[in-house]
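Novice: Respectively, the protein sequence lines represent chains A and B. The first sequence runs 74 to 412 under this note's numbering. The second sequence runs 6 to 315 under this note's numbering.
Warning: the hint list may mix true and false statements.
Examples of chain B residues lying across from chain A (beta carbon under 8 Å, computed) [stated by the list, open to error]:
1) 42
2) 147
3) 148
None of these hints come from the bench; they were simulated from the model. The C-beta atom is built at its ideal place from N, Cα and C for all residues, glycine as well.
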Amino acid sequence: MSAAHTTGDAPAAAVEAPSRGRVTVPLDDDAGSNPAPRPRRTWKHTLRRDWVLYAMALVPVLFLLVFRYGPMFGNIIAFRRFRPGGSILGDEWVGMRYVELFLNDPNFWNVFANTVILGGLTLLFCFPLPIVLALLLNEVRVRAFKRVVQSISYLPHFLSIVIVVGMVMQILSLQGTVNQIIEAFGGEAIPFLQRSEWFRTVYVGSEIWQTVGWGTILYLAALTTVDASLYEAARIDGANRWRQTWHVTLPGIRPTMITLLILNIGLFLNVGFEKVLLLYNPLTYATGDVVSTYLYRVGLVSNNFSYATAIGLFQAIIGLVMILSANFLSRRVVGASLW
Amino acid sequence: MTQSALTATPVVGAGKSVGPRDSKGYKAFTWFNGSFLVVLCGFMLYPFVTVLAQSFSSAGAVKAGLVNVVPIGFNVDTYKVVIANDLFWTSYRNTVVYTLVGTTIAMILTTLLAFVLARKNLRGRNFLIGIAVFTMFFNGGLIPNYVLIQTLGLKNTMWAVVLPGAISVFNLLVMKSFFENMAQELEEAAQIDGLGWWGIFRRIVLPLSKAVLATMILFYSVAIWNDWFAAFLYIDRQELFPVTLYLRNMIAGASSTASQGAAAAGSSKEAISANIQAVTMILTIIPILCIYPFVQRYFVSGIMLGSVKG
Chain A
74 MSAAHTTGDA PAAAVEAPSR GRVTVPLDDD AGSNPAPRPR RTWKHTLRRD WVLYAMALVP
134 VLFLLVFRYG PMFGNIIAFR RFRPGGSILG DEWVGMRYVE LFLNDPNFWN VFANTVILGG
194 LTLLFCFPLP IVLALLLNEV RVRAFKRVVQ SISYLPHFLS IVIVVGMVMQ ILSLQGTVNQ
254 IIEAFGGEAI PFLQRSEWFR TVYVGSEIWQ TVGWGTILYL AALTTVDASL YEAARIDGAN
314 RWRQTWHVTL PGIRPTMITL LILNIGLFLN VGFEKVLLLY NPLTYATGDV VSTYLYRVGL
374 VSNNFSYATA IGLFQAIIGL VMILSANFLS RRVVGASLW
Chain B
6 MTQSALTATP VVGAGKSVGP RDSKGYKAFT WFNGSFLVVL CGFMLYPFVT VLAQSFSSAG
66 AVKAGLVNVV PIGFNVDTYK VVIANDLFWT SYRNTVVYTL VGTTIAMILT TLLAFVLARK
126 NLRGRNFLIG IAVFTMFFNG GLIPNYVLIQ TLGLKNTMWA VVLPGAISVF NLLVMKSFFE
186 NMAQELEEAA QIDGLGWWGI FRRIVLPLSK AVLATMILFY SVAIWNDWFA AFLYIDRQEL
246 FPVTLYLRNM IAGASSTASQ GAAAAGSSKE AISANIQAVT MILTIIPILC IYPFVQRYFV
306 SGIMLGSVKG
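The following block holds chain B by itself, in its conformation from the complex:
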């Protein structure tokens, strides 16, 4: 933005001026900067690449620590093994169900509240905003939350995973400021045409908010997709585990064998599980990677909206 404004500036020195931006030092900096950012991207991507390479490599190569960037002994056997595993599929399906149900609930609650809080003339509005914002800075803590879930009888049900995160106050504030910035005249016109609040919400506000809705759906679904801790706390039955918890147990198991007897013969078992781990990780990341490029452009604007007012 600033750059284009600078380059386009005709005011100073009309053409022949060699701005400080073109100095030798700055040119060198540009090159350094570019290469630095390329290296940085390499660092950012390396873990993905290496896990991907491992997932396609032979167990022996992984065990020997030969796999870095390129798969060695290319095969898809590990994928077949993981996909043939019933428990993996159950957890994967659980994750999909939790994400769909949880995102739906979260979106309904957050959108409704954000819409109400965006009515600047509403009586008691500041109080309602206050009780929401306060929870950003003070929370009940692990144990009282646990006791609450237990008391409500939500343990070992999907509701323990899906419900507690339903309103993220950050998301709420982003949406609220989006709704506030929406043209007031439109709503007034709708009101004159006899539309009630509910009608305005459904027929005017929601259709005009696709960008922010997409951002919020992304945020909520990624959060639920990635969550493991709620299930870890509240769910004991393996058939209800989300895939992240399944993966966590696999990793925890592998690392405990590794610390117990890295030198012992058990290391081949560990290498196989490293292979399987890699495949499970890849399969868990894939849905996120798939939607990521499409919603990316939305979330930047969504976040920027939120930054207007914390």
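Bound conformation, chain A alone:
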């Protein structure tokens, strides 16, 4: 329903798009010395000339409207009572009822705190470590060795979360490697996955394992673009290796760092929903339950669609606000931004 609605809007919306001053076929570019003022191109003209392009974009745009924008409109059920089997946009307006409901829900604030802590820890470790690793890799002069290390460190990124969690469970099980080591040193085996105080460590640790290598790609790419003459200049000024890194390399990759930081901040509250869902259990809810897993249980397990949608909308809006403000701040402070 919302799909049909949005689809109908597409051509109309396209018409409103800001018209660009100079619209030419690439061919016209060569006819440089055209004395007469260019006639204003009408949409009719544009469509006749470029209809093939618009036709090519049609299906992908429809896809975006249905599968991306459709659910956005579906968020309206956060403010309307939804009955399974009833209208997909809900049956009646209830205003801010569901919003108030979760704002007054102590469980919600508990999972919100968990989300912030888990997201914060992930950001704290998973953002800087790839930079460190990229700097270390950059110092490797044996190319083959460098390539092997890179290939190995990317590998976990290509695994399914199910497999990662399976591996985590095996290694941390009572007979697993970690507990064998603990016992070898005379300690007592710890049931890591059943203890809520270990959940964050397990989560962040496995996150580092899976993402650190992949995270270095962009930094390594950025490092190759740092101007070599800057290093020379620094060396003439007597900078040692460490000072070269500090004064040349790091500023050189700063735009990349900031871009990735903004993106990470925007995804802050989306802490690995799927991984938490696979990794946690009722024994670790105390620290493991995050907003998205909570809304999953409220919405799809307890069938409270409207309530869960309200929570999801709240989370998405916070994410949007955070990414916009991070972007705004970084443009103001350091002059780099995503757009």
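Knowing the structure of chain A, use the given hints to seat chain B on it.
Specialist: Below, chain B without anything else, positioned relative to chain A:
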């Protein structure tokens, strides 16, 4: 890159200069760095190695927690058991089908849109880019997505797994910037020769984009291959499960028995399933490991392209 530039530099000190790079401290650092990276690789590989070792070990050894790096009581019986299981094969086949169909759809949609968005003179281009990019930062959320899939009648069909992920905006932007960097003259020449947009797309642009196409095929197929959540949400019928969901149910089952009665006699059952789990994991990873070395060199350049402009 920078290194070679540094080493090759003849300007400073013509030969006899001992750069700071050769100082004792730096030499020590090089050694430390090398060993650190070796240890790191060990950490990265350990989970793979241990799962591989378990998959070839006897159930008793796994149960006793004896298997770490080397298989103990080497046998391939568990492989035989898993491969003889019909449900495993059904899920595995499902995963292959989902990956092929999903990647094809995703590649068609993404490539078409990226090609159109790369036409800098196209009217309404910024608007189209805008609606795509906005979805990176704001999404409909779990429940509205679920309701949508349900309403479209896609529940319990492969389309629920295959369709929703068809355009990844990140991939779209990478492709768009690749197409933008392609030589404009080539397209103009083609246009003079009477080729329309469709012809340019098919006969000029696509053949010249093999590297980026390979990267995108890898990204999409790995994403679909690894996905379990869409199937978990939208598919109730076991015969439609992808292998990741099959594995997830196995792991979830094992961990619930483990938490219920680790001390009870049920632990032997758990150990057998640890064995079977290991085999299932290995069989699920294998296709990725097989294509990984071949497409690896492409994806680094693909990602670098994307980084030029977020």
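Novice: Any of the earlier hints contradicted here, and which numbers?
Specialist: none
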